[in-house]
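Turn these sequences into a full structure, and let the hints steer you where they fit.
When we follow our numbering, the leftmost residue of the sequence shown carries the number 5, and every step to the right adds one.
I should point out that these hints are in silico values taken from the structure, not numbers from a laboratory. Fair warning: this is a prediction, and the values are worked out from it, not measured in the lab. A couple of the hints might just be wrong.
Distance windows between CB atoms, simulated [unchecked claim]: (1) Gly216 - Asp258: 38 to 46 Å; (2) Arg233 - Glu327: 27 to 35 Å; (3) Ala231 - Asp125: 54 to 62 Å; (4) Pro136 - Arg69: 16 to 24 Å; (5) His23 - Thr168: 45 to 53 Å; (6) Gly34 - Arg233: 20 to 28 Å; (7) Tyr313 - Gly48: 50 to 58 Å.
Cβ atoms here follow ideal geometry from the backbone N, Cα and C, with glycine treated the same way.
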Amino acid sequence: MGAVPSGHWHKAFAETPRHAFVPEYFLSRGGVPTRWQKLTVEHGHAWLWPIYDNNTLVTRLQPIREAGDGFFTGVPTSSSTQPSLTARMLEAAELTPTDEVLDAGTGTGYQAALLLHRLHDSAQLVSADIDPDLTDSARRALASLGHTPEVVTTDIRTHDWGRTFAKVIVTCALPEVTETLRAAVAPGGRLIVNLFPPMSGGLAVLDAKEDGSLEGRFHADGGSYMAARGKTPQADPPVAEVSAEGRPTDVPVDAFDDYHFTFLLAVHLPGAQLQYGTDDDSPSTVMRRLVMPDGDWAESVYVPGAGPYVREGGDTGVWDTVERWWSWYLAQDRPPWDRFGLTVTYEGHTLWLDSPENKQLWRLPV
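What follows is the structure, encoded as structure tokens:
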């Protein structure tokens, strides 16, 4: 199962049957668009083996379509999280058996079962998800193990909980900590959430102060989740036309393989999607494209034996932002996730480097 969790969490993983929560799931078999194979209990060991490996298991595709030969196409919208990432979240929570906990993002219900292994009573846990099919199936799976927590169908970003929790663990990625989530964390409590999707692997571990603010660092090992979704999937933005001729750039292609740098980009290019590509006629020629939510974009093309060049569409200066923060990132000796921290108040979010007293801080648009 990958990295072995410590102490009581090792016991929780050993004694909580993951297969009870994933009676079926989808495995990628490659292709463009991706072809997914559906595995169920009837597949025997072929179904069971990946469940007890350190894999994220895709459990829902939308819209799902048959692709022939028993395969499907669709965009993953829910999953059973990689166990090592789940363990990271649980250990970072520093849970005690008497805590009251909000499991924000029920999914299959597997994490809720792990939490209940640690808590004294089911009444200490509230688990919530926007998808009624997921909450129904999770409720049944939990009940099969004797667990009866409150499982709510709601949008965890905006729901007024009417109470506070010692620990709030969010298992979907959010562009910001919403006011209702901030208010749900009791003074002295802790919120754990993956912020700034879809490009960021930054996992914020934030503690609540008496004044209602949250503050803390990003986890050294990071962690990425699927972005929170609304009841209606959003369409991809129209892509803007090329607005300028290509120009040279000093940003190397491997900059976009550096998760700490793409975290920084995600902060300063909110909602940007990073796309990878190659030239059909010259596979060694590679492309990295950033697409903004409004359709503006910038791409850098890397040709062997020649310097990279950039093309842009729209008028947002996307690549200017890339170059500015690449220079800053190098000047700061490539700071990893845990050198960054975040302060959240009712006035907004402030990202800081090393310390909230450091002059290197940025108030973030939300």
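Give me the numbers of the hints this structure contradicts, sorted from smallest to largest. Going through the list in order, the structure violates hints 3, 5 and respects the others.
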